[in-house]
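Engineer: Now for the letters of each chain:
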Amino acid sequence: MYCVPYIEIWPESAFNGSLFPEEQAMCQTQKAALFNLIVVVLALATVLGLYPFLGRGATGGFGVLGFLGFSPLFFRRHRGQVLADERDQLIQRRSTILAYSVFWLAFVASMMLALVFYGGDGAVPVLVLMNALWLGFMLVIGVHAIATLAQYGRGGTNARS
Amino acid sequence: MRDRSELTNRIREHRFHNGEMTQEQLAQRVGVTRQTIIALESGKYVPSLLLGFKLASTFGVKVEEVFQYNGTSTAP
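Chains as they are written, first to last, in our numbering: chain A, 1 to 161; chain B, 162 to 237.
A hint or two may mislead.
To be verified - No farther apart than 25 Å at their CA atoms in a straight line, the calculated lysine to aspartate or glutamate pairs in the DMTMM-like style are these: (1) B:205 <-> B:185; (2) B:205 <-> B:181; (3) B:215 <-> A:86; (4) B:205 <-> A:86; (5) B:223 <-> B:174; (6) B:223 <-> A:86; (7) B:223 <-> B:185; (8) A:31 <-> B:185; (9) B:223 <-> B:181; (10) A:31 <-> A:86.
In case anyone wonders, no lab produced these hints; they're calculated from the structure.
Using the sequences plus the hints, can you model the full thing?
Structural biologist: Next comes the structure, spelled out in C-alpha cells:
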C-alpha cells in the first residue's frame, strides 16, 4: 500500500533517539501497570515464602504493597508531554471494569466458601477477614495491571466502547 | 448482524508529505502519545471522531483523505 520510503521503521526509531524498535516503547500507564503487577507478585511471594517460617505472622508480608504508593511517580508531567490520551483512558476504563468484575466474582465465591467452611452458625476469624481484604485488594490491582498490559500488547483498543 | 467494516489510514504517508513529520511531533500536535500514533499507523487502533478530525486538520486535508472505509456494513 505504501511506497518504499514509508516502510523504514528503524531509521525513524534512531531519529527519535530510541534504541529499541518503536513498538517496544512503553508509555507511562504501561510502566505504572507493570510496576503495580511486580509489587503485587512480590507481596504474594513474600507472604507465601514467609508462611512456612512465621505462620500467621507472614501476613506482615502484605506490607510490601506499600510500594504501590510510588506508582504515581510514573505520572510526573514533563513540559509538553501527554500523560494519558483517549486510548490510555479507554484502556484504563476497560481494565477497571474487568478488575472490579473479577473482584465481585471472587467476593461472592469467598462468601459461599465461608458458608461451607464455617457453617451457617459459625464465626469467621478476624485474621481470615483481614487476609481476604488484602487478597481482594491485590486481586483488583493485579487484574487491572494484567488487563492494561494485555490491551497495550494487542496494540490498544478501538475508541468505540 | 455483525459489522464487517475495515478502516485503513494514510497517516504515515501524510506525515512524510508534511515535512517528514515524526510520530512524536504529530502526537504533540494532536494531543496524544506517540504510542497512540504507532497504534494508529499499524491499524491496531481506531481513533475517536475528534482525533480523526484533529489528524486531518493537522495535515490540512479532509478526514476521508486520511482514513478510508473499506468494508461493507451489513443491514440488520
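Engineer: Would you mind marking each hint as holding or not holding in the structure?
Structural biologist: Each hint, compared with the structure:
1. B:205 <-> B:185: Roughly 18 Å separates the two Cα atoms, so the pair holds.
2. B:205 <-> B:181: Holds, at roughly 22 Å.
3. B:215 <-> A:86: holds, 13 Å
4. B:205 <-> A:86: At roughly 14 Å apart (the allowed maximum being 25 Å), residue 86 of chain A and residue 205 of chain B satisfy the hint.
5. B:223 <-> B:174: Distance of about 14 Å is within 25 Å: holds.
6. B:223 <-> A:86: Measuring from Cα to Cα gives roughly 21 Å; hence the hint holds.
7. B:223 <-> B:185: Answer holds: residue 223 of chain B to residue 185 of chain B is near 22 Å, not above 25 Å.
8. A:31 <-> B:185: holds, 19 Å
9. B:223 <-> B:181: holds, 19 Å
10. A:31 <-> A:86: Holds, at roughly 17 Å.
Comparing the model with each numbered hint stated earlier shows that all of them hold.
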